[in-house]
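Undergrad: Keeping their order, the protein sequence lines are chains F and A. Mapping of the first sequence onto our numbering: residues 2 to 555, in sequence order. Mapping of the second sequence onto our numbering: residues 2 to 555, in sequence order.
Note that these hints are calculated values from the structure, not bench results. Every residue gets a Cβ at the ideal spot worked out from N, C-alpha and C, and that includes glycine. Careful, some of the hints might be misleading.
To be verified - Coverage of chain A stretches by chain F, computed from C-beta distances (three or more under 8 Å per stretch; other residues unrestricted):
#1 49-58
#2 99-108
#3 251-260
#4 263-274
#5 370-377
#6 428-436
2 protein chains.
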Amino acid sequence: MKIIIIGGVAGGATAAARLRRSDEQAEIVLIERGPYISFANCGLPYHISGAIAERGKLLVTTEAGFTARYAIDVRSRTEALSIDRAHKTVTLRNLDSGEETVESYDRLLLSPGAEVLKPPIPGIGSPRIFTLRNIPDLDRIMASLGENKPRRAVVIGGGFIGLEVAENFHDRGLFTTVVEGASHILPPFDDEMAAIAHAHMREKQVELYLGDKVDHFEDRADHTIVFLASGKRIQADIIILSIGVRPEVKLARDAGLELGAIGGIKVDEHLRTSDPAIFAVGDAIEVVNKVSGKTALIPLAGPANRQARIVADNMLAADPSACKKYRGAMGTAILKVFDLAAACTGLNEAAVQALGIPYRASITHSGSHASYYPGSQQISLKLVYGLDGRVFGAQAIGIDGADKRIDVIATAIKAGMTVDDLADLELAYAPPFGSAKDPVNVAGYVASNVLDGSHDIIGWSELRDILRDAPDTIELIDVRTPEEYAIASLPGARNIELNQLRKRLGEIGRGKPLVVFCQVGLRGYVAYRILKQSGFDEVSNLTGGFKTYAWATE
Amino acid sequence: MKIIIIGGVAGGATAAARLRRSDEQAEIVLIERGPYISFANCGLPYHISGAIAERGKLLVTTEAGFTARYAIDVRSRTEALSIDRAHKTVTLRNLDSGEETVESYDRLLLSPGAEVLKPPIPGIGSPRIFTLRNIPDLDRIMASLGENKPRRAVVIGGGFIGLEVAENFHDRGLFTTVVEGASHILPPFDDEMAAIAHAHMREKQVELYLGDKVDHFEDRADHTIVFLASGKRIQADIIILSIGVRPEVKLARDAGLELGAIGGIKVDEHLRTSDPAIFAVGDAIEVVNKVSGKTALIPLAGPANRQARIVADNMLAADPSACKKYRGAMGTAILKVFDLAAACTGLNEAAVQALGIPYRASITHSGSHASYYPGSQQISLKLVYGLDGRVFGAQAIGIDGADKRIDVIATAIKAGMTVDDLADLELAYAPPFGSAKDPVNVAGYVASNVLDGSHDIIGWSELRDILRDAPDTIELIDVRTPEEYAIASLPGARNIELNQLRKRLGEIGRGKPLVVFCQVGLRGYVAYRILKQSGFDEVSNLTGGFKTYAWATE
Ligand SMILES: Cc1cc2nc3c(=O)[nH]c(=O)nc-3n(C[C@H](O)[C@H](O)[C@H](O)COP(=O)(O)OP(=O)(O)OC[C@H]3O[C@@H](n4cnc5c(N)ncnc54)[C@H](O)[C@@H]3O)c2cc1C
Ligand SMILES: Cc1cc2nc3c(=O)[nH]c(=O)nc-3n(C[C@H](O)[C@H](O)[C@H](O)COP(=O)(O)OP(=O)(O)OC[C@H]3O[C@@H](n4cnc5c(N)ncnc54)[C@H](O)[C@@H]3O)c2cc1C
Ligand SMILES: CC(C)(COP(=O)(O)OP(=O)(O)OC[C@H]1O[C@@H](n2cnc3c(N)ncnc32)[C@H](O)[C@@H]1OP(=O)(O)O)[C@@H](O)C(=O)NCCC(=O)NCCS
Ligand SMILES: CC(C)(COP(=O)(O)OP(=O)(O)OC[C@H]1O[C@@H](n2cnc3c(N)ncnc32)[C@H](O)[C@@H]1OP(=O)(O)O)[C@@H](O)C(=O)NCCC(=O)NCCS
Chain F
2 MKIIIIGGVA GGATAAARLR RSDEQAEIVL IERGPYISFA NCGLPYHISG AIAERGKLLV
62 TTEAGFTARY AIDVRSRTEA LSIDRAHKTV TLRNLDSGEE TVESYDRLLL SPGAEVLKPP
122 IPGIGSPRIF TLRNIPDLDR IMASLGENKP RRAVVIGGGF IGLEVAENFH DRGLFTTVVE
182 GASHILPPFD DEMAAIAHAH MREKQVELYL GDKVDHFEDR ADHTIVFLAS GKRIQADIII
242 LSIGVRPEVK LARDAGLELG AIGGIKVDEH LRTSDPAIFA VGDAIEVVNK VSGKTALIPL
302 AGPANRQARI VADNMLAADP SACKKYRGAM GTAILKVFDL AAACTGLNEA AVQALGIPYR
362 ASITHSGSHA SYYPGSQQIS LKLVYGLDGR VFGAQAIGID GADKRIDVIA TAIKAGMTVD
422 DLADLELAYA PPFGSAKDPV NVAGYVASNV LDGSHDIIGW SELRDILRDA PDTIELIDVR
482 TPEEYAIASL PGARNIELNQ LRKRLGEIGR GKPLVVFCQV GLRGYVAYRI LKQSGFDEVS
542 NLTGGFKTYA WATE
Chain A
2 MKIIIIGGVA GGATAAARLR RSDEQAEIVL IERGPYISFA NCGLPYHISG AIAERGKLLV
62 TTEAGFTARY AIDVRSRTEA LSIDRAHKTV TLRNLDSGEE TVESYDRLLL SPGAEVLKPP
122 IPGIGSPRIF TLRNIPDLDR IMASLGENKP RRAVVIGGGF IGLEVAENFH DRGLFTTVVE
182 GASHILPPFD DEMAAIAHAH MREKQVELYL GDKVDHFEDR ADHTIVFLAS GKRIQADIII
242 LSIGVRPEVK LARDAGLELG AIGGIKVDEH LRTSDPAIFA VGDAIEVVNK VSGKTALIPL
302 AGPANRQARI VADNMLAADP SACKKYRGAM GTAILKVFDL AAACTGLNEA AVQALGIPYR
362 ASITHSGSHA SYYPGSQQIS LKLVYGLDGR VFGAQAIGID GADKRIDVIA TAIKAGMTVD
422 DLADLELAYA PPFGSAKDPV NVAGYVASNV LDGSHDIIGW SELRDILRDA PDTIELIDVR
482 TPEEYAIASL PGARNIELNQ LRKRLGEIGR GKPLVVFCQV GLRGYVAYRI LKQSGFDEVS
542 NLTGGFKTYA WATE
């Protein structure tokens, strides 16, 4: 059995290793265009600031080490030019010598990754504009940082990689600006959750231009000007373009392999392309989103690694019945945003809305661990779920413990759990690590109350619209303390502190629907319960409280 | 509806709050023997060192605050003396005035917790011996620390609370000794996992006496001597007895309520006792262990809190069909052991063995996050699973991220997941938070290899027995580097570095079963794969590697 693998990093190298472990006899050839196989793509941005100080640490395993351990025929600086499916051969070019060779295969694996989007914006060819995908890209950026000593960095694109680069520029001492075309950074998050990151980044003195796009770039003698569609201009000494990636499908397309509707290589559940001898994994393929059931591009290392392990087995399988299924991905992801972690899994509210599925969404703010134990940090957690309780997705942002809660919910979603199941999870509790009612339990509590009708909530945007368009149609009650109310409240809100509510029910008019709120939602919920049982029929509680409202409308 | 709740802390106060939220009209009386309701039992040990500096922080909510918010009739310093089930009354004694009153109920909830075991060891009445269960206990300990300035502390019992107390004594500057009757501390853990904590505590200069019991105590003028069964003696200025708790069932027993075989109050799945008007939750009840299906005592705050929320609903339910089910607990728990977190869920190997269920157990050591990103810490993870792949339990110990992995696995166990599902989990990955192959995925990989026959493992204790009893029956190969081998290896092991194995196969005799090992298990596994496919039929790899073996046999 002779196997050729194109692409020697996350998907390709992992598959090669698993193939060798499974089959000591197979001939395995690993083709990589770049100078390095098996490097840490995900670590690249952190070398900019020196957080990962040694460049060598980014080389997870060297060619020599990999060959010694796994007896793989590794060919770096070698590009696969074309695939001849009829003869089962691949044409390769050695990028150093220019020599071209033809290599035959029994099975071929494509793990070519993705290419960085570089739209034809005028001026995009500026030598001050970089992209970041691999080690040579990083080397170019590092060289420019060293030679030109830029002071002002502009990152185009507020997605995960863009934000990582921005943070690392900032940590290196550059004044950093992020330009994002959408109304918020962090695309997989909903507005009010991303707003937490906006506030945090601004606190760190990162400048954000939201809802604005680059019109063109103009080079000046010692800097470049970024012209935005809004007419604004930003001076930049270095610019990183990070507006997304697209599956690297040239080889596949040229070879006549079927592509999907959203531009990735089409594979079946065994990760086989339209040619039975050719398999594909990683950023280049389309996967099924496990939650929505729709086709999706999920260019993340976790899925690439797991697909690689499955595909290796399937490439060696005697027949399809012996193959393993890849059951799709759900886009669990996380990003360090300075001191915060922003993590998510499944679908966000906007995505569920776009699918037209009935849903509810609630927001809680809980301590990362018991509040009486030092160091507890707030986690803001948004849960999106169906009317039958099925969890569609979650987003968590906080200084500590957001990753843990999203991993738990990702596991729950994979298991098809409902919000009642989240309420019932038995998670590890001691004061330094959690709470007897873990944030995930509490999110489950709130969601089950919402679904069983014991807690009517209103979202910040709905309330904002009412306050803007028809403020007189509701009565707004702030149940926080007079001290909290004095600092800031919602326009038109009356203050009746929760602990006095029972005594002061007479002050509340019965003509209009009531909206109650507190800081995070808990006291508002208790007030809601009192009011509903005291003859007020239409009451709702602002989910996520004043905190979420203030962030979202800032 | 008039409801009396006996016990005003984790179970009782939580149930009271939920009852009020659900029913604004009910009369709710909360009876607590101690001076405080709703205090943070779990935080008590941390006040000893000052980690939780303010005593007031341990009072999660005050009587006044609770009454104001929830309109509950709170009676602290009031003991429930007896229950008259026929007349549905409880006799109460005000512990300040001595006055006794009789209070009627429609529904009664028992959440009396547990009492600390205090066996009749000679000398146990010493004024230098304390227990820790509530605030008055803590006050006594703090007073003694202040007045007597003890320098040497002895903690009897290496369970969770004992170890917390020991750590906090140590952090306060006392020379601290822990005496544990079993062969290892941390009862829910298996030996080789607890051994990690042994090593760590000894590094911190905490003295451990394992497999030894107190024979008697003798007071001297200015200290007490702890005499152990082994004949050893320890001088102590202060002693904490922490050998466990037993359900507080006096009231229930006297009232003729059914108790279970292991000494707790018997409840049905709706948390109702044998009397339909009386419910019970918390440390006092017996629960079903969700994994084993057997009855268990699980005296932890998480279960108590969740039971309380369920029982509150059931106490108000019109009939059993409207009741919610408590589906049992699995003993997910965590403990801070100095810099380590030790977390577990489900059954350990010893428990599965005792049940006589066929199982496998494997150990991995993975980084808490990508190794190239600074601050990655090793997590040792043990997974115990059935031959069908069902996960029975897991234990994780490490400086960072053990809590997360156990919470994920606890969620997976609740969902009935298999080790293949663990391999397939999509967890949040970015370099500061995890790895593209998360430690949970890797544990799933290893376990599925073990189950599908592609990886034969041997446990440290089995190998220890062979090396002791019949070392000549196997051939032992250390596949680490010569440098690692030179520092320490197993007796009789031959060193063939993994990366040279293919070339040096000829040096290995074919007569005996081979046992290979490396530092953590990964290289051993790769070596295993090479050997198995090179004509060596009987090979096994030491699970957890030399690292686990060394810890366990230290
Ligand atoms: C800066 C950065 C940060 C990231 N951070 C994260 C993160 O925190 N978390 C996360 O989950 N994911 C992250 N990712 C994404 C992750 O790295 C990818 O999802 C993953 O590497 C995809 O694996 P792959 O094998 O499909 O592609 P790659 O790992 O990109 O490997 C593809 C390789 O194929 C080679 N190739 C392509 N075409 C040819 C050809 N014709 N001939 C020869 N070789 C070819 C390319 O040179 C490339 O090296 C990050 C990516 C980048 C760039
Ligand atoms: C020091 C310590 C540390 C702990 N750490 C953790 C931890 O980290 N994680 C964890 O999960 N769990 C921990 N626990 C256990 C946790 O506190 C208990 O599981 C939980 O409190 C049980 O709740 P409960 O309502 O059953 O009992 P409790 O919270 O103990 O409340 C019972 C109350 O009932 C009162 N009572 C009893 N009988 C009567 C009567 N006849 N009349 C009136 N009142 C009565 C008692 O005075 C007591 O206050 C710890 C416990 C202690 C003591
Ligand atoms: C203080 C104490 C009485 C609070 O009990 P509680 O009110 O049930 O718990 P919380 O304050 O966490 O509030 C949870 C409730 O608020 C709701 N809630 C929480 N956050 C919310 C939010 N942001 N928006 C809306 N509702 C929210 C939950 O749904 C839940 O209500 P439900 O049970 O009716 O569904 C109780 O936890 C206690 O006594 N604790 C100390 C004792 C103890 O537990 N010791 C052991 C551990 S140290
Ligand atoms: C370096 C690289 C080639 C390693 O691939 P790999 O060998 O599959 O992965 P690991 O080194 O983690 O080893 C995992 C294997 O060891 C086994 N293993 C791990 N720990 C073990 C232990 N303690 N005992 C026994 N076996 C163990 C696993 O079962 C798995 O083998 P399997 O797939 O046959 O079941 C690949 O991960 C890579 O190229 N990474 C860098 C690129 C990348 O991923 N970039 C994106 C993220 S930055």
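Undergrad: Now, for every hint given, state plainly whether the structure supports it.
TA: Results for each hint:
1. Given as covered by chain F, the segment 49-58 of chain A passes the check, having 3 residues with a CB less than 8 Å from a CB of that chain where 3 are the minimum.
2. Counting residues of the segment 99-108 of chain A whose C-beta sits closer than 8 Å to any C-beta of chain F gives 0, which falls short of three, so the coverage hint is violated.
3. Only when three residues or more bring their CB closer than 8 Å to a CB of chain F does the claim for the segment 251-260 of chain A stand; here the count is 0, and the claim is violated.
4. With 0 residues having a Cβ less than 8 Å from any Cβ of chain F, the segment 263-274 of chain A misses the three-residue criterion, and the hint is violated.
5. Counting residues of the segment 370-377 of chain A whose beta carbon lies closer than 8 Å to any beta carbon of chain F gives 4, which meets the minimum of three for the stated coverage.
6. Against chain F, the segment 428-436 of chain A contributes 8 residues with a C-beta closer than 8 Å to a partner C-beta. That satisfies the three-residue criterion, and the hint holds.
In summary, the numbered hints that this structure violates are 2, 3 and 4.
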